[in-house]
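Number of protein chains: 2
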Amino acid sequence: MTTFHDPPIEVDTRPAVLDQFVADETGRPGHRPRGVAYAAGLDDVLAVVAWARDTRTPLIPRGAGTSLEGHLLARGDELVLDLSRADAIVDISPGDFTATVQPGVTRTRLNAAAAAHGLQFTVDPGADASLGGMAATNASGTTSVRYGGMRANVLALQAVFADGSQARLGRGVRKSSSGYDLRDLLIGSAGTLGIITELTVRLHPIPEWLRSLRISFATVEDAVDAAVAMLGLALPVSRLELVDARSMAAINAFRDTRYPESPALFIDLESASEAGAAADEAEIQRVCRERGAEEAARAVTHTERHALWEDRHLLFFALKASSPGSRFLVTDTAVPYSRIAGAVATATRLGAELGLDVSVAGHIGDGNVHAVVPYTEANHEAARDFSDQVVRHALSVGGTASGEHGIGLAKKRYLREEHGGAVEVMAAIKRALDPLGLLNPGKILDA
Amino acid sequence: MTTFHDPPIEVDTRPAVLDQFVADETGRPGHRPRGVAYAAGLDDVLAVVAWARDTRTPLIPRGAGTSLEGHLLARGDELVLDLSRADAIVDISPGDFTATVQPGVTRTRLNAAAAAHGLQFTVDPGADASLGGMAATNASGTTSVRYGGMRANVLALQAVFADGSQARLGRGVRKSSSGYDLRDLLIGSAGTLGIITELTVRLHPIPEWLRSLRISFATVEDAVDAAVAMLGLALPVSRLELVDARSMAAINAFRDTRYPESPALFIDLESASEAGAAADEAEIQRVCRERGAEEAARAVTHTERHALWEDRHLLFFALKASSPGSRFLVTDTAVPYSRIAGAVATATRLGAELGLDVSVAGHIGDGNVHAVVPYTEANHEAARDFSDQVVRHALSVGGTASGEHGIGLAKKRYLREEHGGAVEVMAAIKRALDPLGLLNPGKILDA
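Protein chains in written order, with UniProt numbering: chain A, 1 to 447; chain B, 1 to 447.
Simulated from the structure, these hints should not be mistaken for lab results.
C-beta atoms are modelled at their ideal positions from N, C-alpha and C, and glycine is treated no differently.
Be careful, since some hints might not be right.
What the hints assert, rightly or not - Looking from chain B toward chain A, a few residues come up when the C-beta cut is under 7 Å (computed): (1) Ser165; (2) Arg171; (3) Gly188; (4) Pro205; (5) Leu235; (6) Ile407.
As the list claims (entries may be wrong) - From the derived model, a few chain B residues whose C-beta atoms are all more than 10 Å from chain A: (7) Val11; (8) Arg75; (9) Arg109; (10) Arg258; (11) Arg291; (12) Arg305; (13) Leu436; (14) Gly437.
Stated by the list, open to error - Covered stretches of chain B, as calculated for chain A (at least 3 residues, CB under 8 Å): (15) 120–126; (16) 138–147.
Working from the sequences, and respecting the hints, build out all of it.
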């Protein structure tokens, strides 16, 4: 460990350590940052920000490092402010259905602590991300069809701003109409407006009656139509996942299973009673049969449910195994419900045109469609072209470039096409709160 | 109708008309605004804002005029920009569960149009407010325990900013992690950051299986404990209202009923199936019996349910009838669940100490407690003292001064106590977006 420029906390500048911060899932070449400082909490962050102002050193706040969109890549002059060691669970208040945590706490650790009270933190982006990072990217995932993403589950934040001040944004209550909604402004701002140093989040009761289903359809259109029909009947689905035919084939190959290699829905159903669960499941089966569902697997016990979902959870590994030596690009558009089937069809068609092995999985309840594309050096350009056309299609039908991964560096080029003149409003806010450009500069906005 | 200063649209300056804009529910003396301009849509708003910049004329955007916190009161130099005639339902997309409306559309009009598709707009603040006004104050109400308030139900806004630009904030999709969350920043900003000219909102299926219950308890503590237990069991309650003993007495007097004059819960239960509804109701009854519930009324048919809820909906009129000649003050604090019973007890105790006839009703699922206080000229000071102490108590236990009515003018004095240094961040954003102070100046912030 070495020091430079009188840093207020210990900074690691060893090249071998800094090299770990250069690459990320985007496959973009990053630069070695100036160093990595490990903050244990608010006081450290305050000290580092004060020092960063004095020395005009830009900062990249970092949690578990699971960003998919280049939020954490350095230009080279930044200090990485690693908050993974700020990992205290400050408080769990079962009677208030809340927990207060430092930003480095990961969702699985919070869930382990909450489970002792019969409660859960529901936002599940797949990766074992940190709560601070999940707030910074407005993460969501498989459960948001019922529980919402981070905005629906963060009640209050503590944050440090570029002027060296700190403030609490929001209160630990279920609703408030007091003052401007700075909490939601910070959520999804990727550390460009402030550094999150504490979060108060909602916890939800662990459901008593859970059933899981995997149902196969002849076409993506039928599967999407059945999913939207379930939402229209207000059936209590808590996960509603589309897996396309190519993905099912990859699962069969990886898991040595014999599932129909046709589009499927993976469904979790949370009912308040056993009688309700039976009725709700019967209704789902009816809706699916009416849309020509071909086969259904059901799971009721914890072990059965775990086995059913394991196929879905391992999908990315199955796809990796089916394209050894490839890197992977994952799109993240979200579209209105009526455009989901079209978005999937567009991705499949573009894949064929560009000679790419495109698989599609989607969080249907959010209209969030992930196309997964293996690529090598040889067809990297085609993969980029694919991603570009998928985003432009989503924007053309009223969708968004990012449903849950964020803009980071990778999706910046679509910001104006998606938001038009609102980009100037965003830039005005960035200038007002960070005039020196100290906080994760160049992410989301060019400024 | 007269004109002045070359206004871009017709402006009404007749004193008799302007006098209607002087008073509101706060009982504060307002001033006659300069005039009232009626905007029919985006083009009118753009023209008025451009003119307001040229002439340095401050604007007060206005919808249905149902604010309870002085959002619409004039200092005297403002032009009221009345958007109630911008009332087109632009689009209903049943397959997307969305509607797009101009800001002057009221919630009952939207609901009438949505019902034709089996859908509803769920935010219900009681008054027949305009959607634009509801967004500007981040309104919620009885159904937010299940469906959330405006932030959970507005997908996208179109707004005009003080620099004369217009932009779309958010997209008509269920989730997005693209760019800063300007939509939620505008929601609750009371027209101080931008003027809402269009909204895309979520619609929800009208539930198939509804049951309503009115259950009496010996104490407020028992009622709150039962309510929180229902939430802990994830029972599908869509309304969960506390009505205290004094309120029940007022209902009996007003409606000539013989209900127990003790604290009661009014509950709506939305199940996905008939079997589920029966099981869910049985569970609620069990939870309440275990907390010593004394009497329960249940309603299943539409007519029965309407009659049961009519008592609750007429509560304010019942209280008015019990204090003829009085004006009324309504507090709006929200607190963590574990503090609800204490907040009600505090309001009741303060009422006794100050010689006021305090009644309490609360949206338990939100921790939102309304104390209703009749007052006359003789005890106006005591009523104000009551409100002040109720707010300070809520803030001292981690609550908020406003759960759903907003800050306006009436709650400005608590902003710093609630938000600390975040007030400077809010002020920096206001200065960045409205440096001339043209948009509803003096509301929420002093600037």
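Verification of the hints:
The criterion of a C-beta within 7 Å of any C-beta in chain A is met by Ser165(B), whose closest approach is roughly 5 Å, and the hint holds. Annotation: interface hint on Arg171(B) holds; nearest CB of chain A at approximately 5 Å, less than 7 Å. The beta carbon of Gly188(B) is positioned within 7 Å of a beta carbon in chain A (closest approach about 5 Å), and the interface hint is therefore held. Interface restraint check for Pro205(B): the shortest CB-CB distance to chain A comes to about 5 Å, inside 7 Å, so the restraint holds.
For Leu235(B), the suggested interface contact is upheld, since its CB lies about 5 Å from the closest CB of chain A, less than 7 Å. At a threshold of 7 Å, the smallest CB-CB gap from Ile407(B) to chain A is about 6 Å, leaving the interface hint in force. A cut-off of 10 Å between C-beta atoms confirms that Val11(B) is not in contact with chain A; the least separation is 27 Å. In this structure Arg75(B) is separated from chain A by more than 10 Å, as the shortest Cβ-Cβ distance comes to about 21 Å.
At roughly 23 Å from the closest C-beta of chain A, the C-beta of Arg109(B) stays outside 10 Å, upholding its exclusion from the interface. Non-interface status of Arg258(B) relative to chain A is upheld: no Cβ of that chain comes within 10 Å, the nearest being about 33 Å off. The claim that Arg291(B) is not at the interface with chain A holds, since no C-beta of that chain comes within 10 Å of its own (minimum 15 Å). Chain A leaves Arg305(B) outside its interface by the beta-carbon criterion, the shortest separation being 17 Å against a cut-off of 10 Å.
In this structure Leu436(B) is separated from chain A by more than 10 Å, as the shortest Cβ-Cβ distance comes to about 14 Å. Every Cβ of chain A is farther than 10 Å from the Cβ of Gly437(B); the closest lies at roughly 15 Å, confirming the non-interface assignment. Coverage of the stretch 120–126 of chain B by chain A is violated [criterion: at least 3 residues with CB-CB distance below 8 Å; count 0]. Evaluation of the coverage hint for the stretch 138–147 of chain B: fulfilled, as 4 residues show C-beta separations to chain A shorter than 8 Å, against a requirement of three.
Hint 15 from the list above is the single one not met by this structure.
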